[in-house]
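**Student:** Residues per chain are reported as follows:
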Amino acid sequence: MDCPIAQNLLDAYLDGEVDALRNSEIADHLHGCAGCAQSLEERQTIRSRLKAPSLYFKAPDTLQKSIRHSLRQAAKAEAPSRWFNAPWVKFAIPAGAAVLVLITLMPLYRNPASDRVAVEAVANHVRSLMVDHLADVGSTDEHTVKPWFNGKVNFSPPVTDLAKQGFPLIGGRLDYLDNNPVAALVYQRDKHIINVFVWPSAGSREIDSSSSNQQGYHVIRWARAGFNFCVVSDLEINQLKQFTDLLAAPPPDAAR
Amino acid sequence: MFGGKDKLERFEQTILPHLDAAYNLARWLTRNEQDAQDMVQEASLRAFKFFDGFRGGDARSWLLTTVRNTCYTWLQQNRRGQAMTQFDEEIHTADEDSLNPSALALKNADMEMLQQSLEQLPDEFREVIVLRDLEELSYKQIAEVTNVPLGTVMSRLARARARLKQILCSGVKEKS
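Those sequence lines, one after another, are chains A and B.
No gaps in the numbering here: position 15 of the first sequence is 15 in our numbering, and each next residue is one more.
Plus 256 on top of the position in the second sequence (first one is 1) and you've got our numbering.
Only chain A is shown next, with the shape it has when bound in the complex:
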């Protein structure tokens, strides 16, 4: 082994990350080469200096406490999902259904079940704009955005770039909706941001699109081909419908 090769491997050697054969070759070389042996010693010196406790910053107690506190709050907020699994739910269903019928008849509270998702979706949309956290993967390429979700959610969302149709894809992120981790795809039309939430639907039931209005945002939902879609934007409703039509039935020239 000559010096340039040895030099290249010195760090991995120091870290015990070379295989046995390489290891003995490097050891042999170091035995006969003062220059490389000195390089190794310098690396060892720096590394041992870096182990000083004062260079390792431990989390302050106050931080530990405040994290535990906010986690409890977050857990409380998620707790309702547990009720659906509780045994007494079986008995509550008929009662709940009756209440639901009553509520549906009251004009003030129409359609609360789907409204809850719509309200959550609008909250997610607003939050994504507020904290400047639109995209975890910022890319206009569906072949970058789609694979990014691998391993982050247990499904592969359909991603279509509609730039040619005037709705460029600008990225994607993970979000949480209706007690599920969901893929959020972000599109743009002029200055308007469109959030598209996608998650698997129970069964292969297809649901026609329905639109509603929450706090001035338009929400359009449908289910197709095993996925729930929920689209939120402040875009003018006709343009948004044009967008959802494209999304539901992409033109043949838009690659999938």
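It is possible that part of the hints are untrue.
Unchecked claim - Label-pair ranges, simulated between beta-carbon atoms:
no. : chain 1 : residue 1 : chain 2 : residue 2 : range
1   : B       : GLY313    : A       : LYS164    : 35 to 45 Å
2   : A       : GLY216    : B       : ASN288    : 37 to 47 Å
3   : B       : VAL404    : A       : LEU102    : 53 to 63 Å
4   : B       : GLU392    : A       : THR140    : 35 to 45 Å
5   : A       : ASP28     : B       : ASN325    : 20 to 30 Å
Stated by the list, open to error - With a straight-line cut-off of 27 Å between C-alpha atoms, the simulated DSSO-like cross-links for lysine-lysine are:
no. : chain 1 : residue 1 : chain 2 : residue 2
6   : A       : LYS65     : B       : LYS261
7   : B       : LYS396    : A       : LYS146
8   : A       : LYS51     : B       : LYS396
No wet-lab data here; the hints were simulated from the structure.
Remember, predicted model here, so these are calculated numbers, not experimental data.
All C-beta atoms, glycine included, are put in the ideal place defined by N, C-alpha and C.
Could you slot chain B onto chain A? The hints should help.
**Tutor:** Below, chain B without anything else, positioned relative to chain A:
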């Protein structure tokens, strides 16, 4: 699925023991106590939110990945408006042999100088040294956390250490 309370208990048992690791990485990436605390707070909540997606395995790497992503998002926003130096491994690596440090100089560098030298490194170099030499992750774990191939971890670490040595030695020279 797990309910709120069970989930919280599991999270506290598997993930929270690694808060020190999380804070250390955030502190070195943000180079600032208050921002590091904010990052860890935000990252912990994010991790909790997506904890159902954690399929067991290396909890520390899993948390560190979230902390790192949170910090990088923050770094990108904070650098906005400033002249942004694009990270380039070749540019950021100067000729290693241009300085011939004595081993003594490295031994004598004081803690303050060590800290400052490490802080001067580009983020990508600093984090790889923090993960390897302070946190003692394996190359494979580092590859996971930083989302780069194993070979890149190896070469990046070698360059980062060479650069650190260079900064340290020039610092020692100035002082003496």
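**Student:** Against each hint, give a clear statement of whether it holds in the structure.
**Tutor:** Right, here's what the structure says about each hint:
1. With their beta carbons about 42 Å apart, GLY313/B and LYS164/A fall inside the hinted range of 35 to 45 Å.
2. In this structure the supplied range 37 to 47 Å holds for GLY216/A paired with ASN288/B, their Cβ-Cβ distance being about 38 Å.
3. The hint said 53 to 63 Å for the Cβ distance between VAL404/B and LEU102/A, and at roughly 58 Å that hint holds.
4. A hinted range of 35 to 45 Å holds for the C-beta pair GLU392/B and THR140/A, which are about 39 Å apart.
5. Between ASP28/A and ASN325/B, the C-beta spacing of about 43 Å breaks the proposed range 20 to 30 Å.
6. Straight-line distance between C-alpha atoms of LYS65/A and LYS261/B comes to about 18 Å, which keeps the hinted pair within the 27 Å bound.
7. Restraint check for LYS396/B and LYS146/A: satisfied, since their Cα atoms lie roughly 25 Å apart, inside the 27 Å limit.
8. The suggested pairing of LYS51/A with LYS396/B holds, with an alpha-carbon distance near 21 Å, which does not exceed 27 Å.
When held up to the earlier numbered hints, the structure conflicts with hint 5 and nothing else.
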